[in-house]
Structures are given as C-alpha cells and as structure tokens.
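If you're matching them up, the sequences are chains A and B in order.
According to our numbering, the first sequence holds residues 1 to 489 in order.
According to our numbering, the second sequence holds residues 1 to 489 in order.
You may find that some hints are simply not true.
Since the list can't tell identical chains apart, any single copy or any two copies may satisfy a pair.
[As the list claims (entries may be wrong)] No farther apart than 25 Å at their CA atoms in a straight line, the calculated lysine-lysine pairs in the BS3-like style are these:
{"#": "1", "residue 1": "K240", "residue 2": "K391"}
{"#": "2", "residue 1": "K272", "residue 2": "K191"}
{"#": "3", "residue 1": "K176", "residue 2": "K221"}
{"#": "4", "residue 1": "K191", "residue 2": "K273"}
{"#": "5", "residue 1": "K273", "residue 2": "K308"}
{"#": "6", "residue 1": "K69", "residue 2": "K134"}
{"#": "7", "residue 1": "K258", "residue 2": "K34"}
{"#": "8", "residue 1": "K191", "residue 2": "K390"}
{"#": "9", "residue 1": "K273", "residue 2": "K46"}
{"#": "10", "residue 1": "K404", "residue 2": "K69"}
{"#": "11", "residue 1": "K258", "residue 2": "K240"}
{"#": "12", "residue 1": "K170", "residue 2": "K307"}
{"#": "13", "residue 1": "K441", "residue 2": "K191"}
{"#": "14", "residue 1": "K327", "residue 2": "K414"}
{"#": "15", "residue 1": "K273", "residue 2": "K44"}
{"#": "16", "residue 1": "K132", "residue 2": "K44"}
{"#": "17", "residue 1": "K253", "residue 2": "K448"}
{"#": "18", "residue 1": "K176", "residue 2": "K361"}
{"#": "19", "residue 1": "K361", "residue 2": "K46"}
{"#": "20", "residue 1": "K361", "residue 2": "K221"}
{"#": "21", "residue 1": "K134", "residue 2": "K46"}
I should point out that these hints are in silico values taken from the structure, not numbers from a laboratory.
Number of protein chains: 2
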Amino acid sequence: MWMKPVSTIVQHALKTGSVRATSTILAGEPTEPKVVTSEIPGPKSKQLIGDLDSVTQSSSVQFFADYEKSIGNYITDVDGNSYLDVFMQISSMPLGYNHPDMLEVFRNEENLKALVNRPALGSFPNEFWPQKLKDVLMSISPGLDNVMTMMCGSCSNENAYKCLFMTYRKHQRGEKIEFSDEELSSCMINKPPGAPNLSLLSFKGAFHGRTMGTLSTTHSKAIHKIDIPAFDWPIAPFPKYKYPLEEHIRENKQEDEKCLVRIEELFEEFNKKGSPVAGVIIEPIQSEGGDNEASPEFFQQLQRTSKKYGAGFLIDEVQTGGGATGKMWCHEHFNLDSPPDVMTFSKKMLTGGFYHNLDHKPSQSYRIYNTWMGDPSKLLLLEAFLKVVKKQNLLHQVNIVGDKLKSGLHECEKEFPIINSVRGRGTFLAVNVETTALRDKIVGNLKKKGVLTGGSGDQAIRFRPSLTLQEHHVDILLDRFRKVLKELK
Amino acid sequence: MWMKPVSTIVQHALKTGSVRATSTILAGEPTEPKVVTSEIPGPKSKQLIGDLDSVTQSSSVQFFADYEKSIGNYITDVDGNSYLDVFMQISSMPLGYNHPDMLEVFRNEENLKALVNRPALGSFPNEFWPQKLKDVLMSISPGLDNVMTMMCGSCSNENAYKCLFMTYRKHQRGEKIEFSDEELSSCMINKPPGAPNLSLLSFKGAFHGRTMGTLSTTHSKAIHKIDIPAFDWPIAPFPKYKYPLEEHIRENKQEDEKCLVRIEELFEEFNKKGSPVAGVIIEPIQSEGGDNEASPEFFQQLQRTSKKYGAGFLIDEVQTGGGATGKMWCHEHFNLDSPPDVMTFSKKMLTGGFYHNLDHKPSQSYRIYNTWMGDPSKLLLLEAFLKVVKKQNLLHQVNIVGDKLKSGLHECEKEFPIINSVRGRGTFLAVNVETTALRDKIVGNLKKKGVLTGGSGDQAIRFRPSLTLQEHHVDILLDRFRKVLKELK
C-alpha cells in the first residue's frame with residue numbers, strides 16, 4: 001500500500017498552521033535559525049567555558065546549550081542563538097530535542113524506578129528485560145540471533161572484539177573445549193598461549209573508539225592516538241573513490257581490487273608473523289575519518305575474504321546505525337551473502353551494544369560481563385524512539401529528505417568548484433572542501449548563519465541530522481550553505 | 001560539634017514507630033528477609049532465564065528482580081523472595097532501592113530534560129554543567145584540581161591510563177612541547193615513537209576492568225582474561241597479610257618490604273627492556289581479587305617509589321569509593337604524602353570518571369574525548385545521593401554499623417574455625433573461608449536464608465551494603481551467618 005509521505009503531510013500541516021506534537025515537527029520549533037551574538041561562542045558561553053576550564057579540560061566546547069529551550073531540529077545556546085542542528089550531538093540525538101514521546105518515558109513510574117534502581121544486568125536483571133530485549137532490540141536485529149547491551153560505542157567495540165578473539169580461539173581448539181592449565185596460568189601474566197598473539201585487521205581512516213583496544217583499530221587523526229601504546233595489528237587501505245561515482249566506475253573498481261589484494265597480503269603476513277587475524281573491523285561509511293564510502297561489492301568480497309581466513313567479520317554501525325542512512329543499518333545497503341558475525345551500535349541507539357551470531361556467543365559466564373552491562377533506562381528510550389520511527393514512517397522520510405539534500409548539494413558542487421565529492425546515503429551525507437582550512441571556515445561560517453554541521457577527516461563537511469529533518473529544513477540549510485560559499489568566492 | 005549519631009536516632013524512631021522517609025530506613029522496608037521458594041532462582045526466575053538465554057548470554061543471572069517492590073536494603077525477586085541485600089548490585093547502589101530522594105530527581109522537569117536531551121558534553125554541555133561539577137564532584141575531590149566524567153569504571157580507567165601515558169611523554173619531551181612529524185605519522189600505524197613502548201605497573205589479584213587496556217592490568221580471575229591479547233606490562237606482587245593484623249605486625253611489615261623491593265626491580269627491568277613504567281595502578285583494597293588489603297605504609301612507600309621513577313600514581317576507587325569504607329575515598333585512610341596523581345571512580349558514584357592533578361590535564365582538545373563524556377543525568381543522581389549523605393551523616397553511620405558488623409564477624413571467626421581473616425573498613429568488609437567450594441556454599445546458603453552477599457577472589461565472602469545499612473540489619477545478617485555456619489558444622 002502506498003502511503004502518503006509523512007513529510008508531505010507535515011508540509012501541508014505547516015502551511016495550514018495545524019502542526020501538532022504528533023507530526024514530525026514539534027510544536028514550538030523555530031521556523032528559521034536566529035543568531036543574535038556577533039561571535040560564537042557568545043559572551044555567556046565564553047564565561048562558562050572559563051568556569052568549566054577551572055575544573056576540567058574544556059577546549060573542545062563550542063558553546064553551552066539551553067536544553068530546556070532547544071526543540072526538535074533546533075538547538076538554542078545560552079546566549080539566545082538558535083541553530084538548525086544537522087550535527088545533533090555528533091550524530092546521536094535520533095529525534096531531536098525535547099521530543100514529547102521521549103520526555104514521556106520517565107513520567108511513567110515503572111520506568112522511573114527502572115532508571116533509579118539501576119541493576120547489575122548480568123546478575124539481577126529487571127523482570128521486563130528479556131521481553132524488552134526481544135521487542136525492542138531484536139525487532140531491528142540485522143539477522144543476528146543474540147544481542148548484548150553496553151554503555152557506549154567504545155565499550156561495545158571492546159567487548160565485541162573480545163568475542164572475536166574468543167571465537168577464533170574456540171575454532172582453533174576444535175573438539176578440545178577445555179582450557180589448558182598453561183593457558184589458564186599464562187593469561188594471568190599477559191602471556192601466550194592464554195593471552196594469545198592474535199590481531200584484528202582495521203582500516204586506514206577508521207574510527208572505532210578511544211579505549212586502548214579500539215584505539216589500536218582507530219586511524220583517523222593523530223591527536224587521538226599520540227603517546228598511547230598500541231597493539232601492532234594489520235592496517236589495510238580503505239578504498240579512495242573518485243566522484244561522481246557514475247563517472248569513475250572503472251577506476252573505483254580497480255581501487256576496490258587493489259585494496260582487497262592488500263588485505264589478503266596482510267592476512268598472509270600476519271599469519272606468518274605468528275599473529276593471525278582473528279577478526280576484521282570496518283565501518284559501512286568511515287564516519288570520523290572523512291565520510292569515506294566503499295562499494296557493496298567491496299564489502300561483499302571483504303566478508304568472503306574474512307570467512308576464507310577464519311576471521312570474524314565485524315561491522316561497526318555506531319555512527320551509521322539507527323536509520324539516518326535510510327535503512328536501520330547502513331550495511332543493509334550492501335546485499336551481503338549473510339549478516340556480519342558481529343555488529344556494534346551506540347549513539348542514536350541511545351544504548352550501546354552489539355548483535356552477534358550464535359558462534360560468537362560466549363561459552364561461559366563472566367567472559368563478557370561488567371557491573372552494569374548497559375542501562376535499562378536507555379533501552380526504554382530506544383523503545384520510545386523506535387515507536388516514533390514506525391508510527392511516522394521515518395525511514396521513508398529520511399530517504400525523501402536525504403534525496404532532496406543530496407540533489408541540492410550536487411547543484412552546489414556544480415556552482416562552487418571549491419566543494420566536491422558529494423556522497424552518502426539517506427541524510428547521512430558529506431561533501432569535500434579543497435583544504436582543511438577552508439572546510440573549517442565553512443563550518444564556522446555556517447554556524448554564524450545558524451546552521452550546525454561538523455567536520456570529518458581533513459576535508460569533509462558531514463551532515464548528521466536527526467531522523468525528523470524535513471524538506472523545509474533542507475531549504476534553509478541549502479540557502480545558508482549557498483550564502484556561505486558565495487561569500488568565500 | 002558532636003552530633004547525635006543518625007543510627008541512634010533511627011533506632012529510636014524504629015522503637016517508637018515514628019520512622020519517616022527522612023530517616024535512613026525507608027517506609028515500607030521489610031523487617032526481615034522472606035524466602036518463599038524452595039530453590040533460588042525460583043520457578044518464575046528460571047523461566048525468565050530461559051527467555052533471556054534465547055537472546056543473550058545469561059548464565060551469570062542469579063535471579064530476576066522486581067524493582068518496583070524492592071525497597072531500601074531489601075531486594076525482592078519475581079518469585080516473591082525478599083533478601084537483605086548486602087551486595088547491592090556489586091557495590092553500586094549507594095542508598096538502596098527506591099530511595100525517595102533519588103526518585104524525586106527526574107520528577108523535576110529541568111532534570112528530566114537534561115536526561116532526555118543527552119548532550120555531547122565535550123562540545124555542547126548543559127548550562128548547569130560547570131557549576132554542578134563544582135558543587136557535586138569537586139565538593140568531594142580527594143585534593144585534586146580537575147575531574148572528567150565517563151560512563152563506567154572500565155572507561156574511566158582506560159581514559160585515566162591515557163592521561164598517565166600522555167603526561168609521562170610530556171615529561172620526556174621537556175621543553176619541546178610540539179609533537180615531531182615522526183611521532184605524528186608513526187602513531188597512525190601503531191608504532192613507536194608515536195605509539196610508544198610504555199608500560200603500566202599493576203598488581204597480582206588486581207581488577208581494573210575488562211576492556212583491553214584495563215584488562216592488561218587485571219589479574220583476578222583467568223576466565224576474565226583468557227583468549228584476549230594483552231600488553232606485556234609489569235605485574236607486581238600485592239602484599240598477602242596474616243590476620244589478625246595486630247598479631248602479625250612483623251611478618252606483614254616484612255611482606256610489605258618484600259613487595260616493595262620487587263616493585264623497584266620491575267621498574268628497573270622494564271626501563272632496561274625499553275618499556276618504561278609510565279604509571280602505577282592500584283586499588284586501596286583489591287575488591288574483586290579477594291578483598292586484599294595493604295597497609296597505609298605500603299601505599300605511602302609505593303607513591304614515593306612511583307615518584308622516584310617519574311611514573312604517575314593512580315588509585316582506582318571504582319569499588320571502594322563513595323563512602324562505604326567510612327570515608328568518601330578509601331585511600332584517605334592512608335595518610336599519603338600528597339593526593340594520588342589520578343583517582344578513578346564509578347559504581348556508587350553513579351557516574352564514572354576520574355579526578356586528576358593539573359600535571360595530568362590533557363594539553364590539547366580531543367585527546368581525552370568521546371561522544372558523551374559521561375551523562376548529566378548520572379551527575380544529578382550523584383548530587384541527590386551526596387545530599388542524603390550529608391543530611392543524614394551517613395559516613396558516621398557507616399563507621400558505627402561497620403564496627404558492629406566487624407565485631408560480630410570477629411566473634412564468628414572465633415566460634416567457627418572454618419572462617420578467618422576478618423578484614424576491611426567501614427561496612428566494606430570481608431572474611432575468608434577455607435576453600436572455594438565451602439565459600440560458594442556459604443554464599444548460596446545465606447541467599448537461601450534471605451541474605452545476599454558476594455564472593456571475591458577464591459576464598460572471600462564480601463559485604464558491600466549500601467550506606468543506609470543499620471545496626472538492626474547487622475543483627476539479622478549475623479544471625480543468618482551463624483545459622484549457616486552452624487549447619488555446616
């Protein structure tokens with residue numbers, strides 16, 4: 001059955017002034033950005049930055065926000081500036097600010113008690129936990145049988161990596177399922193065979209987190225890594241494409257092949273070195289390292305190569321997951337032979353965690369475990385979010401709004417040669433700027449015009465709106481983007 | 001000014017039947033444990049464990065709890081059993097269940113919005129953030145100037161470790177504060193000098209978390225570590241004392257000295273190996289590895305040795321912090337020359353994080369950073385908790401109740417030779433049992449009598465009640481403990 005796109009309904013509602021909280025536009029959302037201070041951060045934010053710096057490192061703060069006044073797609077700062085927010089707390093607010101259905105969650109007394117009586121979920125879970133895991137997380141599983149909740153993206157990846165190692169060793173042991181005494185004693189002093197020489201293959205430009213295991217697989221920016229010891233693991237090239245894709249099919253295919261050849265070499269090299277690759281870790285779109293895409297065929301082949309070498313295949317959907325690519329999971333665009341072995345999530349999903357197949361289910365208690373094992377209150381928020389996605393058909397809307405934004409950006413790149421390589425899926429989009437300095441200037445000038453975006457890698461501007469972005473927001477965004485580009489000419 | 005101990009007030013209130021929500025006993029708390037099922041987990045929990053296992057690893061689950069019915073020091077399970085809970089979600093519920101002041105936090109609309117509009121705190125913090133950090137976290141700082149919030153204990157330690165490495169390298173660089181091109185490029189491929197060969201010294205029996213950096217410093221149980229690659233870092237012996245302490249002063253002092261000599265040797269060995277020790281990581285009481293204590297003199301000397309070798313000194317108060325030892329931080333019992341360089345916390349503190357001195361403040365943005373950088377809603381809960389601590393003088397109460405429990409345990413160890421080595425501070429107490437099998441049996445039998453405790457290490461039973469434990473709870477606990485021990489005779 002064809003459904004009238006939600007965004008059309010809303011456009012109509014906007015015109016007729018009949019917008020209600022049940023539409024994807026929240027009552028009270030500003031109709032356009034408003035910047036009232038000559039500088040950003042404004043004076044009040046500046047003073048608060050000083051205050052904050054007296055007790056913590058604060059030099060990354062852009063401004064202080066007023067989360068009581070922020071609404072829908074607009075964030076308001078303490079100086080009274082209101083920005084159209086297409087960055088959304090680094091891609092992590094799925095429905096924008098103060099969504100009434102999210103606020104409602106903890107007005108329910110049972111949910112409030114679940115929030116305040118935070119259990120050690122691995123030992124004393126809430127009565128509702130099994131059913132909620134099924135109704136909420138398993139309802140959007142990417143074809144995987146099990147799920148574990150965690151606190152954040154880094155923690156999800158750390159624990160998922162451990163599952164990869166454990167499963168690789170399980171396969172090595174074969175029939176012999178017991179640990180040897182030598183393994184049990186050597187692991188306690190960080191030595192093989194108990195703490196084995198195994199590696200994970202990651203990609204140049206990747207970002208998987210900042211804890212020490214994940215940081216060894218992160219290669220986006222030196223400032224994230226410098227001075228921190230790391231595991232000596234294989235790092236493969238990630239395809240670098242020429243845009244527009246349809247004009248560079250042959251070169252990009254060659255690029256895929258070149259990378260895949262190097263990946264096989266790395267498997268062989270690390271096998272020979274005595275540090276076999278237990279798993280391959282990859283983002284569907286490199287989201288911090290520059291919004292770098294690879295083709296479905298690349299991912300298909302990479303999964304086959306992983307399988308060939310007995311390595312687990314982990315897709316990190318921490319930034320891409322939750323619907324912004326037009327599907328719940330970005331890798332669903334890739335038509336893989338089978339689901340990945342493990343898939344991690346966080347950010348828009350509100351809870352961290354990972355799905356995994358049964359081969360990657362820990363064989364004993366306490367191997368993947370920690371005090372909290374996530375937080376039931378975050379699953380309750382996710383439940384509310386997913387209900388809105390379904391009720392308002394938001395994935396459909398993301399595709400419509402994303403198409404409009406992408407077309408607009410393509411027009412901009414024709415008009416302004418300073419930008420190029422428009423790319424992405426759904427509203428999860430990016431465009432490159434010739435230099436880092438110019439990119440930073442454009443992001444800064446957009447902010448001065450009331451539009452909040454982010455940089456990624458050295459050259460990209462990334463768009464990470466919530467799922468409630470509408471077509472009229474895109475008009476505002478493109479209008480301000482054009483103005484900024486014109487002023488640079 | 002001498003204040004009448006709160007527990008006395010409460011005892012009086014209990015006798016006169018005038019208990020109010022403002023006392024440390026919550027209205028509606030059971031007067032004694034009640035176990036109605038012949039087995040634990042009961043039939044309803046068993047069925048839920050089956051349900052849960054179909055979607056996630058569930059073999060560590062003890063029972064499913066009813067968090068609507070649980071109240072104060074009593075946890076109720078789905079089968080209607082009510083336990084006196086002196087384990088409290090692995091030492092993490094500071095005021096027990098459904099404390100009215102905690103439930104009140106998110107009935108406040110501003111706080112509810114802070115919960116639902118979860119910001120990227122490193123970039124767009126809430127207006128209240130600087131002041132709340134000062135009023136809440138800095139009000140209980142262990143003499144350190146700065147604080148960073150994180151999500152959990154592992155994450156707090158991971159990030160604190162990074163600060164140790166960064167500061168060690170800063171000192172090595174001396175005047176030259178810029179990173180070299182070689183450092184910047186080599187760190188991106190996980191090689192020195194950018195990803196340097198530095199190590200952290202940890203202790204046998206230690207537990208600092210399960211992510212790959214912290215897991216390399218965890219040495220409590222093989223099942224936590226097996227199959228996971230680890231950094232080859234120095235592991236020092238932790239003192240093993242004979243109890244009672246006052247009867248073994250000379251041997252225990254020799255034990256301290258032996259360990260301290262070995263620690264210096266390890267510093268020298270790892271210096272020679274080209275992997276200098278950048279930091280020393282220690283718990284004030286080894287809380288997972290067996291409730292192992294070391295003397296104030298040991299900690300004082302360890303801090304001096306760390307300083308001598310230019311290594312940062314990190315105290316991990318994840319389990320010991322938050323008041324249960326009778327002081328807000330356990331290491332405050334040690335009379336150190338100066339505060340530790342870094343001190344991590346989580347669990348009872350509701351938010352993770354770490355305090356650090358200015359030498360350990362990251363010199364640039366984005367070196368210690370992640371999407372959420374903690375969660376403002378957890379700081380709001382901590383604020384409510386600390387207000388209750390102050391209002392009800394709970395640290396004083398912990399000391400009174402802890403003394404009573406410790407005396408009672410000492411009496412038990414005289415009566416029942418199967419147990420020994422009663423130890424600990426405040427209500428953060430433990431006792432050893434001759435064998436692991438017997439220890440597990442006692443913990444299980446206590447549960448059947450309605451008292452929830454935990455094991456630690458191979459032989460210890462640990463007590464980790466909330467700060468609201470009262471003297472009459474201790475009577476119940478000791479009564480059930482005696483009964484269990486008698487039945488084993």
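Here is how each hint holds up against the structure:
| no. | hint | verdict |
| --- | --- | --- |
| 1 | K240 / K391 | neither (38 Å within a copy, 61 Å between copies) |
| 2 | K272 / K191 | both (19 Å within a copy, 19 Å between copies) |
| 3 | K176 / K221 | between (43 Å within a copy, 21 Å between copies) |
| 4 | K191 / K273 | both (17 Å within a copy, 16 Å between copies) |
| 5 | K273 / K308 | within (18 Å within a copy, 38 Å between copies) |
| 6 | K69 / K134 | between (35 Å within a copy, 24 Å between copies) |
| 7 | K258 / K34 | neither (48 Å within a copy, 68 Å between copies) |
| 8 | K191 / K390 | neither (50 Å within a copy, 47 Å between copies) |
| 9 | K273 / K46 | neither (53 Å within a copy, 47 Å between copies) |
| 10 | K404 / K69 | neither (28 Å within a copy, 52 Å between copies) |
| 11 | K258 / K240 | within (11 Å within a copy, 57 Å between copies) |
| 12 | K170 / K307 | within (15 Å within a copy, 43 Å between copies) |
| 13 | K441 / K191 | neither (49 Å within a copy, 33 Å between copies) |
| 14 | K327 / K414 | neither (28 Å within a copy, 66 Å between copies) |
| 15 | K273 / K44 | neither (57 Å within a copy, 52 Å between copies) |
| 16 | K132 / K44 | between (43 Å within a copy, 17 Å between copies) |
| 17 | K253 / K448 | neither (40 Å within a copy, 65 Å between copies) |
| 18 | K176 / K361 | within (17 Å within a copy, 49 Å between copies) |
| 19 | K361 / K46 | between (49 Å within a copy, 20 Å between copies) |
| 20 | K361 / K221 | between (33 Å within a copy, 20 Å between copies) |
| 21 | K134 / K46 | between (46 Å within a copy, 17 Å between copies) |
Checked against the numbered hints above, the structure violates hints 1, 7, 8, 9, 10, 13, 14, 15, 17; every other hint is satisfied.
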